[in-house]
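> For the record, the sequence lines run as chains D and X. Sequential numbering of the first sequence, starting at 1, is according to full-length UniProt numbering. Sequential numbering of the second sequence, starting at 1, is according to full-length UniProt numbering.
All the pointers check out, no bait thrown in.
With the Cβ distance kept under 8 Å, some of the chain D side facing chain X (calculated, not the full set): (1) His29; (2) Tyr32; (3) Pro64; (4) Asn65; (5) Thr71; (6) Ile72; (7) Ala83; (8) Tyr102; (9) Ser110; (10) Thr111; (11) Val114; (12) Ser137; (13) Trp164; (14) Phe177.
The list that follows gives simulated cross-link-like pairs (lysine-lysine, DSSO-like), each with its CA atoms no further than 27 Å apart: (15) Lys149(X) / Lys149(D); (16) Lys38(X) / Lys38(D); (17) Lys22(D) / Lys276(D).
Don't read these hints as lab results, they were simulated from the structure. Note that the Cβ used here is the ideal one computed from N, Cα and C, for glycine as well.
2 protein chains.
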Amino acid sequence: MPRKLNLNVGINTTGYLPAAWKYRSGNRHDIYDPGYYKRLTELAHRGLFDAVFFSDHPALMTDPNSRPFHTIDPLILCTALAAQVPDIGFVATMSSTYNSPYNLARRTQSTDIVSGGRLIINIVSSFNPNVAANFGSAPLPSRSERYAKASEFLDVAKKLWASWDPSREGPVPNEQFWDAASAHAIDHVGDHFTVKGPLNVPRGPQGHPVVAQAGASEGGIELAARHGEIIYCNILSRPAGQAFGKKVRDRAARLGRDPKGIRIVPGVVVILGETKKEALRKHELFSGAGSEDGLIARFIKENGIDPDGFNPDAVLDAERFIPDPNRLQAVGMGLGLSDLLTHEKLTTRQVVRRSEGHHRLLLGTAEEVADALIDLWDDGTVDGYTLQPPRAPDDIEEFVDKVVPILQDRGVYRSRYEERTVRERYGLPFPAH
Amino acid sequence: MPRKLNLNVGINTTGYLPAAWKYRSGNRHDIYDPGYYKRLTELAHRGLFDAVFFSDHPALMTDPNSRPFHTIDPLILCTALAAQVPDIGFVATMSSTYNSPYNLARRTQSTDIVSGGRLIINIVSSFNPNVAANFGSAPLPSRSERYAKASEFLDVAKKLWASWDPSREGPVPNEQFWDAASAHAIDHVGDHFTVKGPLNVPRGPQGHPVVAQAGASEGGIELAARHGEIIYCNILSRPAGQAFGKKVRDRAARLGRDPKGIRIVPGVVVILGETKKEALRKHELFSGAGSEDGLIARFIKENGIDPDGFNPDAVLDAERFIPDPNRLQAVGMGLGLSDLLTHEKLTTRQVVRRSEGHHRLLLGTAEEVADALIDLWDDGTVDGYTLQPPRAPDDIEEFVDKVVPILQDRGVYRSRYEERTVRERYGLPFPAH
Chain D
1 MPRKLNLNVG INTTGYLPAA WKYRSGNRHD IYDPGYYKRL TELAHRGLFD AVFFSDHPAL
61 MTDPNSRPFH TIDPLILCTA LAAQVPDIGF VATMSSTYNS PYNLARRTQS TDIVSGGRLI
121 INIVSSFNPN VAANFGSAPL PSRSERYAKA SEFLDVAKKL WASWDPSREG PVPNEQFWDA
181 ASAHAIDHVG DHFTVKGPLN VPRGPQGHPV VAQAGASEGG IELAARHGEI IYCNILSRPA
241 GQAFGKKVRD RAARLGRDPK GIRIVPGVVV ILGETKKEAL RKHELFSGAG SEDGLIARFI
301 KENGIDPDGF NPDAVLDAER FIPDPNRLQA VGMGLGLSDL LTHEKLTTRQ VVRRSEGHHR
361 LLLGTAEEVA DALIDLWDDG TVDGYTLQPP RAPDDIEEFV DKVVPILQDR GVYRSRYEER
421 TVRERYGLPF PAH
Chain X
1 MPRKLNLNVG INTTGYLPAA WKYRSGNRHD IYDPGYYKRL TELAHRGLFD AVFFSDHPAL
61 MTDPNSRPFH TIDPLILCTA LAAQVPDIGF VATMSSTYNS PYNLARRTQS TDIVSGGRLI
121 INIVSSFNPN VAANFGSAPL PSRSERYAKA SEFLDVAKKL WASWDPSREG PVPNEQFWDA
181 ASAHAIDHVG DHFTVKGPLN VPRGPQGHPV VAQAGASEGG IELAARHGEI IYCNILSRPA
241 GQAFGKKVRD RAARLGRDPK GIRIVPGVVV ILGETKKEAL RKHELFSGAG SEDGLIARFI
301 KENGIDPDGF NPDAVLDAER FIPDPNRLQA VGMGLGLSDL LTHEKLTTRQ VVRRSEGHHR
361 LLLGTAEEVA DALIDLWDDG TVDGYTLQPP RAPDDIEEFV DKVVPILQDR GVYRSRYEER
421 TVRERYGLPF PAH
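Work the whole structure out from these sequences, hints included.
In structure tokens, the structure reads:
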């Protein structure tokens, strides 16, 4: 089998960029309308995407100037969509900090079974105090504690997913319903969890759901190396991407894992135009900045730079942009920029066109975007991408109609769904017993 | 609108009676086959049932002589089935002891939205130490603590379900996406839960999912009176049913609830025959007892009676059968028998034919069964039933083909689905803000 580009697409609410809803089709009630998500998934299916991706936080931000970005429970929504749209996979995000391993292992294995092997779970440890406040009076645990817990959480989940395997059934006497020896307790006793098992859902068509991981902080990379099969991250340049991939794969190898079982599919924000100039203009609008000066002003503000006498055409110093590892927000998301500046000499005017919402930004014609997508894929820096459309459905539709045919013509992207499960489609190994 | 009989049907695995699988169609792999549950739901849809019902325990019993009775997560399965089968409702059982209110409120409201208002949640407090062992090292909390927690759990869930209501939206300025004042924090601080809110899923088509309740112990009745809209219980006779209904409704009224918002739909086990005799014989087989003597022997054993010189034709003493309120098993399930014996003078030979799996047993021709179903419904003792078929699919199919047409001919049962939501179909009030 020749290697193929993998593509996921994020379909949360109105699209990835907070301000782009002003330029989208539809109305605000779309965000909690199951029919809307069905249309987006059908659109992604038309584009032959590997999976649709739902990020998540179990909390509602009530800032009047923001928009709700996470509403219907991702696993519930994916379960319903999988019953209505064939072939395509589903990435559902869920928290290891605010779920119990037994319930989560059971629910996800259930969705994997009812979807015929199309579930990817994106395990996050949650970093938002608004989330913590929905789950008791205790403050958010520290990042290191959350990651340690996430890792053990997945250890337990994997034991549970494998704990009842009907293929282990021996001969079953007439008077018995089943061979109960096909299920065994896991008797897990660890620092964070005590779980007896077995799970009351058998192994599914993928062995277990594919495990996605998104962290790029030290704890996140450790978790990705130990458990991640699909790695979602922000990679803004080839050298940064190669360094990141090597780091994760080396760490996996040191942990005794075959690094071939890891796929790197960073986020990418695509804004298409008939011309590059049109794409630049759409970027200024969809970002909410309004103009190139607006983009520069936003960069200055976001990075706490003194605007007096600031020269947007001076080369930036990478050191200045390394995120504080103790900051509250996701650390990994802030690393992309400093990684980029470490590897390329860029001015502010250049750098504001290189990323949006922390992800690599591709601006231009469909041909230019396809070239850029293939470029980092061709040499194995990445295995594919997670498209984050500024507007949904509009930017998904444009990508499917304009970029996908080019990728197909170049022979790097599928022309129909072939494999049955997402795991097979990603070429990931079937988990051992 | 003339009053109509409500009917749910339990569709767990191979049917309600543990030993009846030997006489069913299909094979043991049905129990985790989503296609099998789809066929059962379509069958129930053909029978115009209000809802299919999944009981649940999050644990797998590995007794080789039993069968797994709870496997695919009920809410996940119901979500997938609702996307494939129209009209019919879904009762999903879930534990208030081993879930957090925010996650559960979010997931259930999500399923209610994606199903178009067809979810009923059956909240149980879990009584099984095998369940506790899947959720940590702490033993099962006491029954009174579990019920207190369940009650506060539902208080929190109701606050969350109402916390974001887009119908409260005022005018939204052009530059804003929404009116954030349509959502408000709940700031719940109680004995068992601290939850800030708001929920990030808006109110759904039913206001909130319909709440079912099953306990018949003192704590269970208190919970039913406070929160239950649909009451699942075991009622073996008219006087026992009337006493139970009065108790729940009086308690609800004392708590300030309108008792009209309560529907009583006890479990019922139906075994049909061309003749009464054939039905009696099928009962002996499906129960696993093999004969009437076998039924009597089982009764003696289950109730810890000394078999020496026992006379199966002597009238039984009700006092002897009151369950210990401190027993580990569900107390309510054991109350049916003592209630029955309190109100009717019955011998062992008679009583073994009056219930199966703790529920009222109806044995006979389709006409006889329809008469018995209508009898307790006609005077308002019950509002309907939750059919527990000994075998699935066989006994559901027989009921749909033979009993449903009679109920329709008698004018007590619908001839098509009319209302949109389960709440409307049950005539239950829409929850206040």
